[in-house]
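Peer 1: Construct the entire structure; sequences and hints are all you get.
Protein chains in written order, with my numbering: chain A, 30 to 189; chain B, 768 to 1050.
It should be emphasised that the hints constitute simulated quantities derived from the structure, not laboratory data. Hints are not guaranteed to be accurate.
Stated by the list, open to error - So, partial list: chain A residues that the calculated Cβ filter (under 7 angstroms) puts toward chain B:
(1) G81
(2) D92
(3) S94
(4) V130
Unchecked claim - Straight-line alpha carbon distances no greater than 27 angstroms define the calculated DSS-like cross-link-like pairs of lysine-lysine that follow:
(5) K979(B) with K49(A)
(6) K792(B) with K49(A)
(7) K798(B) with K859(B)
(8) K898(B) with K798(B)
(9) K846(B) with K49(A)
(10) K111(A) with K70(A)
(11) K798(B) with K135(A)
(12) K135(A) with K792(B)
(13) K135(A) with K846(B)
(14) K790(B) with K135(A)
(15) K851(B) with K49(A)
Claimed, not checked - Which stretches of chain A does chain B cover? Using the computed rule of at least three CB atoms under 8 angstroms from a CB of chain B, they are:
(16) 51-62
(17) 83-90
(18) 95-109
(19) 139-153
(20) 159-172
Every residue, glycine too, gets a C-beta built ideally from N, C-alpha and C.
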Amino acid sequence: LAERSNLAGVQHIVLVLSGKGGVGKSSISTELALALRHAGKRVGILDVDLCGPSIPRMLRVQDSSVHQCDSGWVPVLVGQDKAIALMSIGFLLERPDDAVVWRGPKKNALIKQFITDVAWGDLDFLIVDTPPGTSDEHISTVEALRSHQLLGAILVTTPQ
Amino acid sequence: SSSSGDEALRDKRARILSRGLPKQKPIEGVKQVVVVASGKGGVGKSTTAVNLALALAANDLTKEVGLLDADIYGPSIPKMMNLKGNPELTSKNLMRPLKNYGIACMSMGFLIEETAPVVWRGLMVMSAVEKLLRQVDWGQLDYLVIDMPPGTGDVQLSISQNIPLAGAVIVSTPQDVALLDAHKGAEMFRKVHVPVLGLVQNMSVFQCPKCKHETHIFGADGVRDLAKTLGLDILGDIPLHVNIRETCDSGQPVVISQPQSDAAKAYLKIAMEIVRRLPVAPA
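Peer 2: In structure tokens, the structure reads:
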């Protein structure tokens, strides 16, 4: 019996990109997820910014930890009704201010795990917050999501 | 004789452990290298690096200063230094840095189209950074300022492991999420044994141009608290001024175009603090 892929229940995946740092990707990803939830959708957030994971702090769950279940990691539930599923490297660090100083291959391995080994369940939207630049994290994320057909991206920028 | 045996054993162990790590080799002609980093994106690393390079030169007209833009994905320095064009090659096949305002500059931005994205994995990026560091005819420089990209990954590791760094300056805004990343940045330098000279508190306060009312848009004193936690000094405070951003966007950084302004004076002071904290330069 083939295992149901952890992404099989996710309807739409939206990447939030920018190129430039500090324009508000994480802020927008968070507010977008909350707004979609407010509109009654089932939402998840995947934070693939391994060096600077901001989302746990924005949602005040930086001290949470993740657990394992049969299908993989269980995302942390956030938001007022605890109905938004969040996964971030921030939950895997011993302390929230531990530095993640990794080269590409190690980052790629973790991103693949975040995409295939997190038990997302049934979601209408999965918002993926990315780090600045157009590098390993972005390439690995898009490659790992290649088999998932419903994919789009939002570009965030400031007027500067 | 047993203690010399122990020492020999320790040396041998150290040599074996360091095998596999790249050897640090200084850049030919460059006396001291200072990196400007942050961890977080968009806090003002490039703006600060550019103005600091100009300030180092302005404070001491006998010093030669270079500026390397190590942000391969989002090179900002060509625009800020008003430089364009492909570098020439010397007879030794080295790239000649582009110069403006007396500063020798090198950036990925000189090698690609302005709007072309660089979608590369870490390994290719490292090879590009190596070229921008060593295949450049820097000449004789007293200081090379390196503008780092955001994050704590391949580029930061490669630069710290391949060349001896005299010191690192960490830029942050007072915002919580920026400080979190700045803390990681500082820890990264500690891990690779690069001395952190201090923190720069950027975008500290905004003054309304009409009524002069001050707003701490990104929070107040966050950087001061982080400095205390990490046992580091604050090298200086830069306010959020429209003219700092405008002058950089137009390729005439404030230290050059408005040297009497408060912003320029802030950068000049920070440059002085940096020189004070650097070890004595090799002859």
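Peer 1: Hint by hint, say whether it matches the structure.
Peer 2: Tested hints:
A distance limit of 7 angstroms between C-beta atoms decides the matter here; for G81(A) the minimum to chain B is near 4 angstroms, and the interface restraint holds. About 13 angstroms separates the beta-carbon of D92(A) from the nearest beta-carbon of chain B, more than 7 angstroms, and the hint is not met. Residue-level restraint check for S94(A) is violated (minimum Cβ-Cβ distance to chain B is 18 angstroms; threshold 7 angstroms). Interface restraint check for V130(A): the shortest CB-CB distance to chain B comes to about 5 angstroms, inside 7 angstroms, so the restraint holds.
Restraint check for K979(B) and K49(A): the C-alpha separation of about 30 angstroms exceeds 27 angstroms, so the hint is violated. With a CA separation close to 31 angstroms, the supplied pair K792(B) and K49(A) exceeds the 27 angstroms bound. Proposed proximity of K798(B) and K859(B) is supported: the alpha carbons are some 21 angstroms apart, at most 27 angstroms. At most 27 angstroms may separate the alpha-carbon atoms for a hinted pair to count; K898(B) and K798(B) meet this at roughly 19 angstroms.
Between K846(B) and K49(A), the direct Cα distance comes to roughly 14 angstroms. Compliance with the 27 angstroms bound is thereby established for this hinted pair. For the given pair, K111(A) sits about 13 angstroms from K70(A) by alpha-carbon distance, which is consistent with the 27 angstroms threshold. The hinted pair formed by K798(B) and K135(A) fails the criterion: a straight-line CA distance of about 34 angstroms is larger than 27 angstroms. The straight-line distance between the Cα atoms of K135(A) and K792(B) is roughly 26 angstroms, inside the 27 angstroms bound, and the hint therefore holds.
With a CA separation close to 33 angstroms, the supplied pair K135(A) and K846(B) exceeds the 27 angstroms bound. Restraint check: the Cα-Cα separation between K790(B) and K135(A) comes to about 22 angstroms, which is no more than 27 angstroms; the hinted pair holds. Distance hint between K851(B) and K49(A) is fulfilled; the C-alpha atoms sit about 20 angstroms from each other, no more than 27 angstroms. Three residues within the 8 angstroms Cβ limit are the bar, and the segment 51-62 of chain A against chain B gives 3, so the coverage statement holds.
With 3 residues carrying a beta carbon less than 8 angstroms from a beta carbon of chain B, the segment 83-90 of chain A meets the three-residue requirement, and the given coverage holds. Counting residues of the segment 95-109 of chain A whose CB lies closer than 8 angstroms to any CB of chain B gives 0, which falls below the minimum of 3, so the coverage claim is violated. Counting residues of the segment 139-153 of chain A whose CB falls under 8 angstroms from any CB of chain B gives 0; the rule of at least 3 is not met. With 8 residues having a Cβ less than 8 angstroms from any Cβ of chain B, the segment 159-172 of chain A passes the three-residue criterion, so the hint holds.
Hint compliance for this structure: hints 2, 3, 5, 6, 11, 13, 18, 19 are broken, all remaining hints hold.
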